[in-house]
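Chemist: Okay, here's what each chain looks like letter by letter:
Number of protein chains: 2
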Amino acid sequence: MGGVRLAAVTSRLADSAYLRACRGEPGDRVPVWFQRQAGRSLPEYRAIRGTGSILDAIAQPDLATEITLQPVRRYGVDAAILYSDIVVPVHAIGFGVDIKPGVGPVVEQPFRSGADLERLRPLDPEADTPYVLQTVRNLVGELDVPLIGFAGAPFTVASYLIEGGPSRNYTVTKALMHGDPQLFGRLLDRLADLAIASVRSQVEAGASALQLFDSWAGALSREDYRRFVQPHTRKVVDAVADLGVPRAHFGVTTGELLAAIAETGVDVVGVDWRVPIDEARRRIPRPVTLQGNLDPGVLMAPIDVVESQVRAILDRNAGHPAFVFNLGHGVLPETDPDVLHRVVEVVHDEGRADGPADPRGSS
Amino acid sequence: MGGVRLAAVTSRLADSAYLRACRGEPGDRVPVWFQRQAGRSLPEYRAIRGTGSILDAIAQPDLATEITLQPVRRYGVDAAILYSDIVVPVHAIGFGVDIKPGVGPVVEQPFRSGADLERLRPLDPEADTPYVLQTVRNLVGELDVPLIGFAGAPFTVASYLIEGGPSRNYTVTKALMHGDPQLFGRLLDRLADLAIASVRSQVEAGASALQLFDSWAGALSREDYRRFVQPHTRKVVDAVADLGVPRAHFGVTTGELLAAIAETGVDVVGVDWRVPIDEARRRIPRPVTLQGNLDPGVLMAPIDVVESQVRAILDRNAGHPAFVFNLGHGVLPETDPDVLHRVVEVVHDEGRADGPADPRGSS
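Chains as they are written, first to last, in the numbering used here: chain F, 1004 to 1366; chain R, 1004 to 1366.
I should point out that these hints are in silico values taken from the structure, not numbers from a laboratory.
None of these values were measured; they are calculated from a predicted model.
Keep in mind that a hint or two might mislead.
Which copy is meant is left open, so a pair is good if it fits within one copy or across any two.
[To be verified] Lysine to any residue pairs mimicking SDA-like chemistry, simulated, CA-CA at most 20 angstroms apart:
no., residue 1, residue 2
1, K1103, S1170
2, K1103, R1049
3, K1103, S1056
4, K1103, R1171
5, K1103, D1339
6, K1103, A1062
7, K1238, T1174
One chain only, chain F, in its complex shape (with noise of 0.2 angstroms):
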């Protein structure tokens, strides 16, 4: 199926105001998404999405496109991004993962020696992931704004496999990234390819985007993040040029990476609430696409508040076309979806995107 079809889908939101952004060409308004839109913070989503791992939900495929359809249809988003998780691949390759609630990601057995790397077998998407292609290929049918498909980055999912779960100081992947570099390398080399297959059959599914997730990149040292990340990154973003789909990067913490995370050859660069976007964008010496920042905790705010600081980062990005307004993490379970709502009206009526395109044919 779907050649036809989906050239056509592909045409139609070249325009969107998302692709346009992703691309710095103006237009008539700032794009706007949120960072894990769908989700606990929805009532919609807790009626339907019951117990049990999310890995069960994100296999269904009709309860998957549900609910990522959710917030595009309460907010008004200009991307919808699929509802999956960063392990899916590993987990889908038989690694031992689940993801606990309350907790995150928890590996059984954590990757510890060269011999787990025989527990990393390359990723069939068709065989081993259906459902998330399914979900896709459902989505595409029904929404009007681009389907932004994603992976983690190596890094970050190395992070879970090594470590057991979430960290704080990721001190055993620095052991093992400093320790023994090749192994680690090795590691991270085998998570570019599952990334590679999993947005590759994403994009040739239908995803108009895709964005690779390195949320924990920002516990490193900039030194250290050129040395033992960012040439995995790379092998990532440049394995899916030739799909023709921008693609974006998130971490936090990331103040410092910017210009070395730009040097993967990203189109997209998330950045948190740290980094005021104006700032930025002058760290990083290529244009590229800012996507960012509010902080998520700013919305637990009075809406007062919470429409001064998305007018503060607007005012910032001063009508700069390359600029994605989103938060500058994921939004929090608590957070009241009637303030989103009034987040995307806000950056609707008052955004510009005016300026001048950037020179993104150079870069």
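Could you slot chain R onto chain F? The hints should help.
Modeler: What follows is chain R alone, placed relative to chain F:
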């Protein structure tokens, strides 16, 4: 007791490597100490610490004295830091705080409303925390290096009181900060008073320097930090200026806050491993001493990697006398003490502090 003897101690130590560096004066070596140098990483600590709450150990001056001395003896560091905790004052006045092993500070009834301000009466250090002062007095008689006293900065202590424990997103803290800035300000003002009383008493008992731990201030955007936090930290810094001891500040992910932190008037600014030392210096427009900034996770690496990262930091500092070598965060419990010992050797053998004095007088 103490007036004459204290003056003698102070003048004996005035020329110590640590205090010279805090004043920005050239010396014959780069001073080094480690945050959380006393504690679980040391076998001699585990041998005497026993089980039970750390608050009980802190309340035993002989034990706390010995624990403070252990790393000084073992490593030959250039400063001791009092074995205590940032929640000691709020615990001592009966706010209902304990420290759970493996978790951190937990609060029985978190701070929620104006009524909770009543639970924060002023601290009378001699009556409420006599054991802290006894430990300081013991140490001053024993030590050949300066003793650093400390307190939690208002924001970080507030985050524990409001969240009820350690937090990942500071959701409740930010909700209160934005939702009721007046109450939040009154809370931080009281916590500033507690910090002032505590550090004043420690210095009067003989501590040669003090450090404010605002470990989690880096969770805030710069604008929110300047508006909601900086005035209260500045109040503490100002209120102890007459003591004539260096005032240091510590936090993580504060790369974007460095100038704002320096604006509080502190003499020493901690830098985590995310910002190279020379860049940190460029970001701060007044002469301050920088303290940092080895990634504590790097201490898990093979010794040649550790040494090379220590040398890279010394190279970045390039002999600037206003520099104290430290980690970018606390010593991790898994750390091998022999590695820390080697770090001290490398810093002492290879570090240079022979650059021109900075124009501190003009700041």
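Chemist: Please go over all the hints and tell whether each is borne out by the structure.
Modeler: Verification of the hints:
Taking the closest pair of Cα atoms, K1103 and S1170 come within 20 angstroms of each other both inside a single copy (14 angstroms) and across two copies (18 angstroms). Within a single copy, K1103 and R1049 get their C-alpha atoms as close as 16 angstroms, which meets the 20 angstroms cut-off; across copies the closest is 33 angstroms, which misses it. In the homo-oligomer, the alpha carbons of K1103 and S1056 lie at most 20 angstroms apart inside one protomer (7 angstroms), although the nearest pairing across protomers, at 29 angstroms, exceeds that limit. For the homomeric pair K1103 and R1171, the shortest alpha-carbon distances inside one copy (17 angstroms) and between copies (17 angstroms) are both at most 20 angstroms.
Within a single copy, K1103 and D1339 get their C-alpha atoms no closer than 24 angstroms, and across copies no closer than 32 angstroms, so neither meets the 20 angstroms cut-off. Taking CA atoms no more than 20 angstroms apart as the test, K1103 paired with A1062 passes inside one copy only; the shortest distance there is 16 angstroms, against 39 angstroms between copies. Within a single copy, K1238 and T1174 get their C-alpha atoms no closer than 25 angstroms, and across copies no closer than 36 angstroms, so neither meets the 20 angstroms cut-off.
The earlier numbered hints that this structure contradicts are 5 and 7.
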